[in-house]
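Novice: Residue numbers (the numbering used here), protein chains in the order written: chain A, 1 to 336; chain B, 337 to 672.
Read the hints as simulated data drawn from the structure, not as lab findings. The reader is advised that the hints may include incorrect statements.
[Claimed, not checked] The calculated lysine to any residue pairs, modelled on SDA-like cross-linking and capped at a C-alpha distance of 20 Å, are:
no. : chain 1 : residue 1 : chain 2 : residue 2
1   : B       : Lys410    : A       : Glu188
2   : A       : Lys261    : B       : Phe601
3   : B       : Lys410    : A       : Gly186
4   : A       : Lys261    : B       : Arg474
5   : B       : Lys597    : A       : Met262
6   : A       : Lys74     : A       : Ser152
7   : B       : Lys597    : B       : Arg583
8   : A       : Lys261    : B       : Ala473
9   : A       : Lys74     : B       : Gln537
10  : B       : Lys597    : A       : Arg138
11  : A       : Lys74     : B       : Ala531
12  : B       : Lys597    : A       : Phe265
13  : B       : Lys410    : A       : Gln198
14  : B       : Lys410    : A       : Asp194
15  : B       : Lys410    : A       : Ser190
16  : B       : Lys410    : A       : Phe214
17  : A       : Lys261    : B       : Met598
18  : A       : Lys74     : B       : Asp530
19  : B       : Lys410    : A       : Ala195
20  : B       : Lys389    : B       : His369
21  : A       : Lys74     : B       : Arg533
22  : B       : Lys410    : A       : Gln201
[What the hints assert, rightly or not] Just some of the chain B residues that point at chain A, by a computed CB distance under 7 Å:
no. : residue
23  : Gly484
24  : Ser526
25  : Glu552
26  : Phe557
27  : Asn572
28  : Ser578
29  : Met584
We treat Cβ as the ideally placed atom computed from N, Cα and C, and that holds for glycine.
Single-letter residue listing:
There are 2 protein chains.
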Amino acid sequence: MPQLTVALDMMGGDYGPPVTVPAAAQALSLLPHLKLILFGLEPELSAWLNRCKLLHHPRVSVCFTSQVVTNEQKPTHALRYGANSSMRKALDALASGEAAACVSAGNTGALMAMAIRVLNTVPGVDRPALITRLPQARGGYALLLDVGANISCDATTLARFGVMGEQAARHVLGISSPRISLLNVGAEASKGSDAIRQAGQLLAAIPNLNYTGFIEGDGLFAGRADVIVCDGFVGNVALKTSEGVARMLLGLGERRGLLWKMLRFWIKRRLSHLNPDQYNGASLIGLRGSVVKSHGSAGSPAFLNAILQAVAEIEHELPASIAHRFDTAPMDSHAR
Amino acid sequence: MPQLTVALDMMGGDYGPPVTVPAAAQALSLLPHLKLILFGLEPELSAWLNRCKLLHHPRVSVCFTSQVVTNEQKPTHALRYGANSSMRKALDALASGEAAACVSAGNTGALMAMAIRVLNTVPGVDRPALITRLPQARGGYALLLDVGANISCDATTLARFGVMGEQAARHVLGISSPRISLLNVGAEASKGSDAIRQAGQLLAAIPNLNYTGFIEGDGLFAGRADVIVCDGFVGNVALKTSEGVARMLLGLGERRGLLWKMLRFWIKRRLSHLNPDQYNGASLIGLRGSVVKSHGSAGSPAFLNAILQAVAEIEHELPASIAHRFDTAPMDSHAR
Numbered sequence: 001m002p003q004l005t006v007a008l009d010m011m012g013g014d015y016g017p018p019v020t021v022p023a024a025a026q027a028l029s030l031l032p033h034l035k036l037i038l039f040g041l042e043p044e045l046s047a048w049l050n051r052c053k054l055l056h057h058p059r060v061s062v063c064f065t066s067q068v069v070t071n072e073q074k075p076t077h078a079l080r081y082g083a084n085s086s087m088r089k090a091l092d093a094l095a096s097g098e099a100a101a102c103v104s105a106g107n108t109g110a111l112m113a114m115a116i117r118v119l120n121t122v123p124g125v126d127r128p129a130l131i132t133r134l135p136q137a138r139g140g141y142a143l144l145l146d147v148g149a150n151i152s153c154d155a156t157t158l159a160r161f162g163v164m165g166e167q168a169a170r171h172v173l174g175i176s177s178p179r180i181s182l183l184n185v186g187a188e189a190s191k192g193s194d195a196i197r198q199a200g201q202l203l204a205a206i207p208n209l210n211y212t213g214f215i216e217g218d219g220l221f222a223g224r225a226d227v228i229v230c231d232g233f234v235g236n237v238a239l240k241t242s243e244g245v246a247r248m249l250l251g252l253g254e255r256r257g258l259l260w261k262m263l264r265f266w267i268k269r270r271l272s273h274l275n276p277d278q279y280n281g282a283s284l285i286g287l288r289g290s291v292v293k294s295h296g297s298a299g300s301p302a303f304l305n306a307i308l309q310a311v312a313e314i315e316h317e318l319p320a321s322i323a324h325r326f327d328t329a330p331m332d333s334h335a336r
Numbered sequence: 337m338p339q340l341t342v343a344l345d346m347m348g349g350d351y352g353p354p355v356t357v358p359a360a361a362q363a364l365s366l367l368p369h370l371k372l373i374l375f376g377l378e379p380e381l382s383a384w385l386n387r388c389k390l391l392h393h394p395r396v397s398v399c400f401t402s403q404v405v406t407n408e409q410k411p412t413h414a415l416r417y418g419a420n421s422s423m424r425k426a427l428d429a430l431a432s433g434e435a436a437a438c439v440s441a442g443n444t445g446a447l448m449a450m451a452i453r454v455l456n457t458v459p460g461v462d463r464p465a466l467i468t469r470l471p472q473a474r475g476g477y478a479l480l481l482d483v484g485a486n487i488s489c490d491a492t493t494l495a496r497f498g499v500m501g502e503q504a505a506r507h508v509l510g511i512s513s514p515r516i517s518l519l520n521v522g523a524e525a526s527k528g529s530d531a532i533r534q535a536g537q538l539l540a541a542i543p544n545l546n547y548t549g550f551i552e553g554d555g556l557f558a559g560r561a562d563v564i565v566c567d568g569f570v571g572n573v574a575l576k577t578s579e580g581v582a583r584m585l586l587g588l589g590e591r592r593g594l595l596w597k598m599l600r601f602w603i604k605r606r607l608s609h610l611n612p613d614q615y616n617g618a619s620l621i622g623l624r625g626s627v628v629k630s631h632g633s634a635g636s637p638a639f640l641n642a643i644l645q646a647v648a649e650i651e652h653e654l655p656a657s658i659a660h661r662f663d664t665a666p667m668d669s670h671a672r
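From just these sequences and the hints, can you work out the full model?
Specialist: In structure tokens:
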């Protein structure tokens, strides 16, 4: 098996090295063909590398940085002053070809801005999108994008997300002709904002794209679509609302007894992909490289999932396939 | 107990009289002080009134109309050509004082447009909002608005929703100083759209209003806020997404056996207020009258709930209290 190299921002998220280093160690032991380049602040990172016996690991190279991007930082500020941050350096390694994918649990806005600056988008794509999986009632998954990278989107951007999502569904879900839909407040053509109605017309006009129309929030889990497109604000609220319902159900209080235990176990399993502690890793797609955004509150198992997802994306060659799709069927003609 | 009169649009929703007439009959038998004015098309409505023995009921007056507003109709079209529709006539009865509240399961956009035209908003309110209850993890409810009446909202409108929601929480939930929050993609002040950030500043500047900042989607059910404000697109998606997760969990397939039965029963109860077949009735607030929008897919029990909610709103005198709040603490000074 050919070696794969992933660059990790070890400082991102709510915890940093205490979470990211054990996850890195586990990934290395799971995947013998995986190489890691780790970026972070000297004292804290090296202490944890030492504790997890990664300081002199043959498949690990460490690059100490002098800065960290905080969650409070504005993307513009991180862009201007974060050149030596662990997040930026990890993206640089991806851009230079040292690494084939990058994982960070840091500030989404900053990651998005830096990734555009450092990697650039594929030709024909103006904005990358953050995409994630949603479990479906009868099993399997649908893809939802954007879940938070773009607060507001015009019709053309939404339509491009549809095309990017189509490629992701082909390569990640293995669906040859994925059903693409737009998230709206009603199924009727007259419903929703101008941008969404126009995006529907753009998607319907794209040859060989299986656009199936509008879908409402209660359709996100109903198995009626393989790709669901919306702007980042709506997608983020929808995803986190699902997590909220999941948590409400898991909050069975301190009920004891076998039935409650079984119930909690069953719901946990059923909701595992809505539970950020278990499902994890949304991908920034539309870039010239694979960037995986781990949940900020991710624990070690969740950060490990994000690393495994990055490896899978390298193997799926998603960036190349998206570039190819836009190269062969440019959208701008439809966008005007 | 003083008599209360409610006007019912009998033709709205996916089913019409087969659902609305039995619900009306049940409401009359539950509430001896309730009077109903029923609006609908002659043949269908009278057939069902006959079947449910309401044709000559002492507390029922029937008004046959010549038109119905369909779900596909655009609000502007309904406004211009729907003067003799059951929806419009029911609102007219509210405006003339014949009825103290109005219930319809019809086209939300049309109901909103007609209600503004016929009833007008209270002074200081430019747009009515559709408000509903959300169950909270540790019991009790929060109020979410707008859930679909206004696709997009500027900062001032969002701030006004906060003030209207405060009054609703006082009168409907009985909370003296409700915690008001804005739904956003992050808790940090830098997150979200300009409109939401500005709305946060407006709400923080309102005297005697308990504004507690931004809340994310996973906080909708966490008991951290009593009133959650967002635009109608986001609120509609959030509400329907919750319903979708609920349905996914209720879709336990055809599993048999006592455990699964208990499980299904327990989840059904836990999720009853996310299940449109059981919870029902969102209110249009900010108008000079009580208008309750029943879920379009509502069955008889759900439509009955909407009628009971209308009765409760008459007793709470919500429109008057909202008018009083805007009269004593006008918002426009903050809005500029």
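Novice: Compare the structure with each hint and give your call.
Specialist: Hint check results:
The suggested pairing of Lys410/B with Glu188/A holds, with an alpha-carbon distance near 10 Å, which does not exceed 20 Å. In summary, the hint linking Lys261/A to Phe601/B is supported, as the alpha carbons are separated by about 16 Å, within the 20 Å threshold. Taking the CA atoms of Lys410/B and Gly186/A, the gap is near 13 Å; set against the 20 Å cutoff, the hint holds. The hinted pair formed by Lys261/A and Arg474/B meets the criterion: a straight-line CA distance of about 19 Å does not exceed 20 Å.
Straight-line distance between C-alpha atoms of Lys597/B and Met262/A comes to about 13 Å, which keeps the hinted pair within the 20 Å bound. The suggested pairing of Lys74/A with Ser152/A holds, with an alpha-carbon distance near 17 Å, which does not exceed 20 Å. Taking the CA atoms of Lys597/B and Arg583/B, the gap is near 15 Å; set against the 20 Å cutoff, the hint holds. A distance of roughly 18 Å separates the Cα atoms of Lys261/A and Ala473/B; the hinted pair therefore holds under the 20 Å criterion.
A hinted pair counts as satisfied when its Cα atoms are at most 20 Å apart, and Lys74/A with Gln537/B qualifies at roughly 19 Å. This hinted pair checks out: Lys597/B and Arg138/A have alpha carbons roughly 19 Å apart, not beyond 20 Å. A threshold of 20 Å between alpha carbons decides the hint, and for Lys74/A with Ala531/B the separation of about 17 Å falls inside it, so the pair holds. In summary, the hint linking Lys597/B to Phe265/A is supported, as the alpha carbons are separated by about 16 Å, within the 20 Å threshold.
For the hint linking Lys410/B to Gln198/A, the alpha-carbon distance of about 17 Å falls within 20 Å, and the restraint holds. Restraint check for Lys410/B and Asp194/A: the C-alpha separation of about 14 Å stays at or below 20 Å, so the hint holds. Taking the CA atoms of Lys410/B and Ser190/A, the gap is about 7 Å. The hint holds against a cut of 20 Å. Taken as a hint, the Lys410/B and Phe214/A pair is honoured in the structure, with Cα atoms around 17 Å apart against an allowance of 20 Å.
Restraint check: the Cα-Cα separation between Lys261/A and Met598/B comes to about 13 Å, which is no more than 20 Å; the hinted pair holds. Restraint check: the Cα-Cα separation between Lys74/A and Asp530/B comes to about 14 Å, which is no more than 20 Å; the hinted pair holds. Among the hinted pairs, Lys410/B with Ala195/A is consistent with the structure: their alpha-carbon atoms are about 17 Å apart, no more than 20 Å. For the suggested pair Lys389/B and His369/B, the alpha carbons sit about 18 Å apart, so the restraint of at most 20 Å is met.
At most 20 Å may separate the alpha-carbon atoms for a hinted pair to count; Lys74/A and Arg533/B meet this at roughly 14 Å. Taking the CA atoms of Lys410/B and Gln201/A, the gap is near 19 Å; set against the 20 Å cutoff, the hint holds. The closest approach between the C-beta of Gly484/B and any C-beta of chain A is roughly 6 Å, which is under the 7 Å cut-off, so the hint is satisfied. A distance limit of 7 Å between C-beta atoms decides the matter here; for Ser526/B the minimum to chain A is near 5 Å, and the interface restraint holds.
Checking Glu552/B against chain A by beta carbon gives a least distance of about 5 Å; that is within 7 Å, so the hint holds. Annotation: Phe557/B was flagged as interfacial toward chain A, and the flag holds, the nearest CB pair being 4 Å apart, inside 7 Å. Checking Asn572/B against chain A: minimum C-beta separation of about 4 Å stays under 7 Å; hint holds. Against a cut-off of 7 Å between C-beta atoms, the interface hint on Ser578/B holds, since the closest Cβ of chain A lies about 5 Å away.
Interface restraint check: Met584/B against chain A, minimum CB-CB distance 4 Å, threshold 7 Å, status holds.
The earlier numbered hints are all upheld by this structure, with none contradicted.
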